[in-house]
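My request is simple: use the sequences and hints to build the entire structure.
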Amino acid sequence: MASSLDQSFIVSIGDTFISHPDESNTESQVQATTGTRDDAAVFTLTDAVLRSGDWTLSRSKIEDHSLLPKAVYWFYKEGLTQPTSLSPKEDDGWTVLNGGAPLFELDGRVFAQLLPTGGDEVKAEAVVV
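Numbered continuously in my numbering, the sequence shown closes out at residue 144.
Source of the hints: derived by calculation from the structure; they are not laboratory data.
One should not assume that every hint holds.
BS3-like, lysine-lysine: derived pairs with alpha carbons at most 30 Å apart [stated by the list, open to error]:
#1 Lys76 <-> Lys104
#2 Lys138 <-> Lys76
#3 Lys92 <-> Lys76
#4 Lys104 <-> Lys138
#5 Lys138 <-> Lys85
#6 Lys92 <-> Lys138
#7 Lys104 <-> Lys85
The following label-pair restraints were derived from C-beta to C-beta distances [to be verified]:
#8 Asp30 <-> His80: 18 to 26 Å
#9 Pro131 <-> Ser75: 20 to 28 Å
#10 Glu42 <-> Asp107: 30 to 38 Å
We treat Cβ as the ideally placed atom computed from N, Cα and C, and that holds for glycine.
This is how it looks when you write it as structure tokens:
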């Protein structure tokens, strides 16, 4: 597992990419969404903090205690966030984990999967740019 990466990267989930939040947004926390490669956020990972510009991508440290999927948010500057790591894949590349859970997309929004579903769900991958 890596908690830092010395290269910038984008995050793909299947054929979509985690999009950067709207710069006109005035909220300090907004749920992450996916879009096209043209809309993809460019990330850095340093000391387990996943950043794109002034925004941090993470699950909140404060969330319900169920094992249901957890929403992944953009936090302006830094908030109460969980650590992010990159897990090497067998076939090259990295799987993105937040709070130890892989990220996935559902209806254009980003979540962390706490329990395996047993299916072939598509997990978020770091793609070096």
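Holds or violated: are the alpha carbons of Lys92 and Lys138 at most 30 Å from each other? Distance of about 26 Å is within 30 Å: holds.
Assess, step by step, whether the Cα of Lys104 is no farther than 30 Å from the Cα of Lys138, and give holds or violated. With Cα atoms ~11 Å apart, Lys104 and Lys138 stay inside 30 Å; holds.
For the pair supplied as a hint, Lys138 and Lys85, is the alpha-carbon distance within the 30 Å limit? holds (14 Å)
Range first: 20 to 28 Å. Now tell me if the beta carbons of Pro131 and Ser75 are that far apart. holds (22 Å)
Does Lys76 lie within 30 Å of Lys138 when you go C-alpha to C-alpha? It holds: about 21 Å lies between the C-alpha atoms, which stays within 30 Å.
Taken at face value, is the distance from the CA of Lys76 to the CA of Lys92 at most 30 Å? holds (15 Å)
Lys76 paired with Lys104 [C-alpha distance capped at 30 Å]: This hinted pair holds, its Cα atoms lying about 26 Å apart.
Are Glu42 and Asp107 spaced within 30 to 38 Å by their CB atoms? holds (37 Å)
Using the C-beta atoms of Asp30 and His80, is the stated range 18 to 26 Å upheld? Taking Cβ atoms as reference, Asp30 and His80 lie about 33 Å apart, which means the hint is violated.
Compare the distance between the alpha carbons of Lys104 and Lys85 with 30 Å, and conclude whether the hinted pair is satisfied. This hinted pair holds, its Cα atoms lying about 23 Å apart.
The earlier numbered hint that this structure contradicts is number 8, and it is the only one.
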